[in-house]
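Visitor: These are the residues of each chain, in order.
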Amino acid sequence: MTKTNPGNFFEDFTVGQVIQHATPRTVTEGDRAVYGSLYPTRFAIPSSAAFAASVGLDPHPVEDLIAFHIAFGKTVPDVSLNAVANLGYAELRFHQPVVPGDTLSTSSEVIGLKENSNGKSGVVYVRSTAVNQRGEVTLDWARWVMVHKRNVEAPAPEVVLPELASVVAAEDLILPTGLDFTSYDFAAAGEPHRWADYEVGEMIDHVDGVTLTDSEHQQATRLWQNTAKVHFNVEARPDGNRLIYGGHIISMARALSFNGLANAQLLSAINAGAHTAPAFAGDTVYAWSEVLDKAAISDSVGALRLRLVATKGRDESMTLRGDDGKYAPGVLLDLDYWALIPQ
Amino acid sequence: MTKTNPGNFFEDFTVGQVIQHATPRTVTEGDRAVYGSLYPTRFAIPSSAAFAASVGLDPHPVEDLIAFHIAFGKTVPDVSLNAVANLGYAELRFHQPVVPGDTLSTSSEVIGLKENSNGKSGVVYVRSTAVNQRGEVTLDWARWVMVHKRNVEAPAPEVVLPELASVVAAEDLILPTGLDFTSYDFAAAGEPHRWADYEVGEMIDHVDGVTLTDSEHQQATRLWQNTAKVHFNVEARPDGNRLIYGGHIISMARALSFNGLANAQLLSAINAGAHTAPAFAGDTVYAWSEVLDKAAISDSVGALRLRLVATKGRDESMTLRGDDGKYAPGVLLDLDYWALIPQ
Amino acid sequence: MTKTNPGNFFEDFTVGQVIQHATPRTVTEGDRAVYGSLYPTRFAIPSSAAFAASVGLDPHPVEDLIAFHIAFGKTVPDVSLNAVANLGYAELRFHQPVVPGDTLSTSSEVIGLKENSNGKSGVVYVRSTAVNQRGEVTLDWARWVMVHKRNVEAPAPEVVLPELASVVAAEDLILPTGLDFTSYDFAAAGEPHRWADYEVGEMIDHVDGVTLTDSEHQQATRLWQNTAKVHFNVEARPDGNRLIYGGHIISMARALSFNGLANAQLLSAINAGAHTAPAFAGDTVYAWSEVLDKAAISDSVGALRLRLVATKGRDESMTLRGDDGKYAPGVLLDLDYWALIPQ
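Protein chains in written order, with this note's numbering: chain A, 1373 to 1715; chain B, 1373 to 1715; chain C, 1373 to 1715.
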């Protein structure tokens, strides 16, 4: 009997099935520091315990994306080890900020299945939930991946397609317990722009660029215990390059977006995300944002719905798609999310 | 008077001499995070405080190899700065897990000496002990190195050869205080295989590979305050390469061994280790294991004696030695150790 | 209205103006670990909580340069984003050691202005102060930079030139509260040399060298939230190289100086610093020191005024300047500082 994990194939999934993912992972102050060494993040809440306490968050939360990457990474060995493609995610909501000492565990429920017409693979839909050591939900999301069949002769399951919202409705966003921006210190946070200063349709070029290295993306991806071969092993791809984990580009672009969105302090939801081109060491990543929508959340807290685009090389024209409707050359990431910002 | 440390030469050692090594080093949650960024480790005990507490370990221990590398690194400036070769180690036992806040100090006693027939060097045997800030032993081990003489005219000391066991006897393994695998959660740990599922002679190919980088091995080696020139300075070797610290390969192989040995949670002893070939940035490291022996330790805890082999490039045939009895090409590490696993 | 920060130009500064810099930053045990992975530091006080407590420092301070880099990095977006050149710093004093949990904020007062005769730029002098969350001063310093004018037609301000000391007087050095070297453990610290063993004029070759990598200097520089483009973006310089942050060379040289100055435990002041040549990945950095002065601080604590020189390639002759009075080829850093050492 082989002891190593072969992963699940399409016919191993059934609608309603619940998978408890290994391995629980405790978040520490060390994660905050390593994250800060890998991404140029300067958002005042994860940077400063004193600032966080001044807006009602005590103990000191870590960067929201730390929780995202850890929670997401847990699902890989069970859901996407035999994936042909990661097709999408939706309805991701951040419930409560994660603080050092929290232990995160993730489970997934299969919510949809559809075999492809070629009979060789199929699409698996899961809803995943990360909880802390007290069983409180930290974040949850839906995701769909195309997975190989082990045996092409296996019969196709009944088609079940879940209904997924293209955008998390503003009224479904969760205000972290205690969050109050009434006495928010804009000088300490680095920019004067509040919720009212942003207009729907506004575009922001975040100016700065970062050239990627293999050591750094490997360190980041390992930190989340994401062990997909292609990120670490030059023998895993014909071109001998290590493919950079898409989440590395998300974190890099989010950090770069500080320059222009310094007060968009907390992630509240991710509506959709497309990793539109591969990234490799040596690429220089830039970012721009577009304001897609706005909503008031509480007396002091507003939400901005933002499109965050990462590009290889700077594109001051901030072009998302060409005339053919396809993503413009150089676009690496198209992320649609809600952020919380002082009103 | 020169202020820098010239290290000890063969004639500086006398049997019975005790050396207190600099510098004491406090282990922190930061070490856990940096370790997790450098090695693809997923063992549930060091990963999760909640999981560790569920098996009786609270506060939350760090990876055993963190203690090993720190304790070992302390001995370098006094024992092996003028070494011709690191010849071997034996009888390494982990006593109690190390937790954040523990300060480790190492001392060594010279237990054997034998001048080489060429009169230019000799073999020094030491027994080293690492203790925490309360004086409790964390780990101890024997080691022998070949060291240059400063003055080839110096008289040879009386030959003293210590008796060292080739394997730590199962009854000498130390059960960490409180460790109880009775309510072990195999789903959370990532694999269903318990002690009874492993057979002596069984071979496990750990499948995954990691391509090494200079930045990563330098960061790891510095973390242990091991400052041997060859690891950090391209001018220290004729080929201009930075030789990778052997301990980096140990930690990499151990982390890779999760895939097939996820429940071999804790190191208990290292019986022997051979670093059979040098490793450099660009090499892709794989690992395989062989079950050498088994022993019951308590009602819930078993021990597996394992051979952990790291290779440059994957060798699915898992060949340790060629017909000539020499290590097969590509073998980097042959490590013989005891691990603790749920019965 | 653009949302991104264009930085201040020469005509934006007025004498007496106070700038509160973003973003406050909490120091953690994670910073200690990442720092230890990037620099070969072995000084016993930041290495060991037990050692630090034995000399009166409890809780456990982090490396002084961690505070320096964080405090300094905060000033970049407001003071030197449009700098032509960093001209110098002076009168830097470390007040009290920083411990994990401290949140650092920096503010600067403009203390001098002088437009250049070309009318295109001018020199701005600021005095910067970093305080912790209780408002206690952690360190302060003066600095002057040459900054572009936005509009060359803008009138020149009145010339104000501050008086700055070339050396912090020994009687102005601050003894950290509680520091007492009476029961200092030289064996644990790694070298036997005390204050009395060093002579003014003594030169120390620190022997070891470290080859720089892009990943490592980027990680260090990010950790301090210093986001100057030239350190991270190959498209920011015509030669396509990432310029290494000068502070990276300071930390590297300081760590290398352990070998010969292991007991120069704490930085007390920086009198002056010149970054005399750029450094890039692939360069191998060595260091040497010269004892410039000595002073007694308390019954158990002495101070050494040291020149710390970093070189590209080892220079056993320890030549600072050529016959022409210019810095010798290979000199990267000339740092003049006071360190505290047991009497």
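It cannot be assumed that every hint is accurate.
It does not matter which identical chain is used: a pair holds within one copy or between any two.
Below 25 Å or equal to it, Euclidean Cα-Cα: the simulated SDA-like pairs (lysine to any residue) are [unchecked claim]:
| # | residue 1 | residue 2 |
| --- | --- | --- |
| 1 | K1486 | T1501 |
| 2 | K1375 | V1572 |
| 3 | K1698 | T1501 |
| 4 | K1521 | V1471 |
| 5 | K1521 | A1559 |
| 6 | K1601 | T1583 |
| 7 | K1698 | A1559 |
| 8 | K1666 | R1609 |
| 9 | K1601 | T1656 |
| 10 | K1601 | A1653 |
| 11 | K1486 | G1379 |
| 12 | K1666 | N1377 |
| 13 | K1698 | A1526 |
| 14 | K1375 | D1665 |
| 15 | K1486 | V1471 |
| 16 | K1492 | K1698 |
| 17 | K1601 | F1652 |
| 18 | K1492 | R1522 |
| 19 | K1492 | T1386 |
| 20 | K1375 | S1670 |
| 21 | K1601 | G1654 |
| 22 | K1486 | I1546 |
| 23 | K1492 | E1688 |
| 24 | K1698 | D1544 |
These are calculated hints, taken from the structure and not from any lab test.
Visitor: For each hint, tell me whether it holds in the structure or not.
Guide: Verification of the hints:
1. Taking the closest pair of Cα atoms, K1486 and T1501 come within 25 Å of each other only inside a single copy of the chain (22 Å); across copies the shortest separation is 60 Å, beyond that limit.
2. Taking the shortest alpha-carbon separations for K1375 and V1572, only the inter-copy value of 14 Å comes in at or below 25 Å, while the best intra-copy value is 54 Å.
3. Neither within a single protomer nor between protomers do K1698 and T1501 lie at most 25 Å apart by alpha-carbon distance, with minima of 33 Å and 51 Å respectively.
4. For the homomeric pair K1521 and V1471, neither the shortest alpha-carbon distance inside one copy (40 Å) nor that between copies (44 Å) is at most 25 Å.
5. For a Cα distance limit of 25 Å, the shortest separation of K1521 from A1559 across copies, 24 Å, qualifies, whereas the shortest one inside one copy, 56 Å, does not.
6. In this assembly of identical chains, K1601 and T1583 lie within 25 Å of each other by CA distance both inside one copy and across copies; the values are 22 Å within and 10 Å between.
7. When the C-alpha separation of K1698 and A1559 is checked against a cutoff of 25 Å, the pair qualifies neither within a copy, at 41 Å, nor between copies, at 43 Å.
8. For the homomeric pair K1666 and R1609, neither the shortest alpha-carbon distance inside one copy (42 Å) nor that between copies (39 Å) is at most 25 Å.
9. Taking identical chains as interchangeable, the C-alpha atoms of K1601 and T1656 lie at most 25 Å apart whether they share a chain (23 Å) or sit on different chains (12 Å).
10. Within a single copy, K1601 and A1653 get their C-alpha atoms as close as 16 Å, and across copies as close as 18 Å, so both meet the 25 Å cut-off.
11. In this assembly of identical chains, K1486 and G1379 lie within 25 Å of each other by CA distance solely inside one copy; the values are 19 Å within and 54 Å between copies.
12. In this assembly of identical chains, K1666 and N1377 lie within 25 Å of each other by CA distance solely across copies; the values are 23 Å between and 45 Å within a copy.
13. In this homomeric assembly, K1698 and A1526 never come within 25 Å of each other (Cα to Cα): the closest approach is 36 Å inside a single copy and 48 Å across copies.
14. Taking the closest pair of Cα atoms, K1375 and D1665 come within 25 Å of each other only across two copies (17 Å); inside a single copy the shortest separation is 50 Å, beyond that limit.
15. In this assembly of identical chains, K1486 and V1471 lie within 25 Å of each other by CA distance neither inside one copy nor across copies; the values are 38 Å within and 48 Å between.
16. In this assembly of identical chains, K1492 and K1698 lie within 25 Å of each other by CA distance neither inside one copy nor across copies; the values are 27 Å within and 46 Å between.
17. Proximity of K1601 to F1652 under the C-alpha cut-off of 25 Å is found in both arrangements, the shortest distances being 15 Å within a copy and 20 Å between copies.
18. For the homomeric pair K1492 and R1522, the shortest alpha-carbon distance inside one copy (8 Å) is at most 25 Å, but the shortest distance between copies (63 Å) is not.
19. For the homomeric pair K1492 and T1386, the shortest alpha-carbon distance inside one copy (17 Å) is at most 25 Å, but the shortest distance between copies (71 Å) is not.
20. Proximity of K1375 to S1670 under the C-alpha cut-off of 25 Å is restricted to the inter-copy arrangement: shortest distance 24 Å between copies versus 52 Å within a copy.
21. Taking the closest pair of Cα atoms, K1601 and G1654 come within 25 Å of each other both inside a single copy (20 Å) and across two copies (15 Å).
22. In this homomeric assembly, K1486 and I1546 never come within 25 Å of each other (Cα to Cα): the closest approach is 32 Å inside a single copy and 53 Å across copies.
23. Taking identical chains as interchangeable, the C-alpha atoms of K1492 and E1688 are never at most 25 Å apart, the minima being 43 Å within one chain and 27 Å between chains.
24. Proximity of K1698 and D1544 under a CA criterion of 25 Å is satisfied in neither setting, with 31 Å inside one chain copy and 66 Å between copies.
The structure fails to meet hints 3, 4, 7, 8, 13, 15, 16, 22, 23 and 24 from the earlier list, while all remaining hints are met.
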